[in-house]
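A.B. asks: Sequence:
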Amino acid sequence: MMNIITTHITITILLSCVLAIVSFWLPQMNPDYEKLSPYECGFDPLGSARLPFSLRFFLVAILFLLFDLEIALLLPLPWGNQLSYPLTTFLWAAAILILLTVGLIYEWIQGGLEWAE
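Start counting at 1 in the sequence shown, then tack on 210, and there's your number in our numbering.
Don't take each hint at face value.
Restraint ranges, calculated between C-beta atoms of paired labels, are given here [unchecked claim]: (1) Asn213 / Asn291: 42 to 48 angstroms; (2) Trp325 / Ser233: 51 to 57 angstroms; (3) Thr298 / Ser226: 55 to 61 angstroms; (4) Leu287 / Leu225: 16 to 22 angstroms.
Rather than coming from a laboratory, the hints here were simulated on the basis of the structure. Backbone N, C-alpha and C fix where the C-beta goes; we use that ideal spot for every residue, glycine too.
Produce the entire structure from the sequences given, and follow the hints as far as they go.
C.D. replies: In C-alpha cells form, the structure reads like this:
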C-alpha cells in the first residue's frame with residue numbers, strides 16, 4: 211500500500227516539475243486589448259450607465275421570464291401520471307395552461323406584445 215502511495219506522489223511531483231520547466235520554454239504571450247475587453251452587446255462598458263432604456267423591451271423580457279418559468283413548472287408532468295390520482299395532476303396542469311393563455315390574451319389585447327406603436 212505504501213509503495214502505491216509513494217509511486218503516485220513521485221509521479222505527481224515529476225509531472226509538476228516537467229510542466230513548470232516546459233512553461234518557461236513556451237513563448238511569452240502578448241495580451242491583445244480587444245480580446246481582454248468585455249463585450250457588452252455592442253455597448254461601451256466604460257460609458258455612462260444612465261442611457262435611455264426601452265420600456266417595451268423590459269416588458270417583453272419580463273413576460274418571457276414569466277412564461278418560461280411557468281413552462282418549467284409543467285416539465286415534470288409526465289411523471290405525474292404515475293401518482294395515485296393522475297386526474298388531479300391533469301386538472302392542475304390544465305389550470306396552469308388556462309392561466310397562461312388568459313394572461314397571454316390579456317397582454318395581447320393591452321398591446322404589451324406590440325414592439326412598435
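A.B. asks: Now, for every hint given, state plainly whether the structure supports it.
C.D. replies: Evaluated hints:
For asparagine 213 and asparagine 291, the Cβ-Cβ distance of about 56 angstroms falls outside the hinted range of 42 to 48 angstroms, so the restraint is violated. Distance hint check for tryptophan 325 and serine 233: the Cβ-Cβ separation is about 52 angstroms, which falls inside the suggested range of 51 to 57 angstroms. Hint check: threonine 298 to serine 226, Cβ distance near 60 angstroms, so the stated range 55 to 61 angstroms holds. A hinted range of 16 to 22 angstroms is violated for the C-beta pair leucine 287 and leucine 225, which are about 50 angstroms apart.
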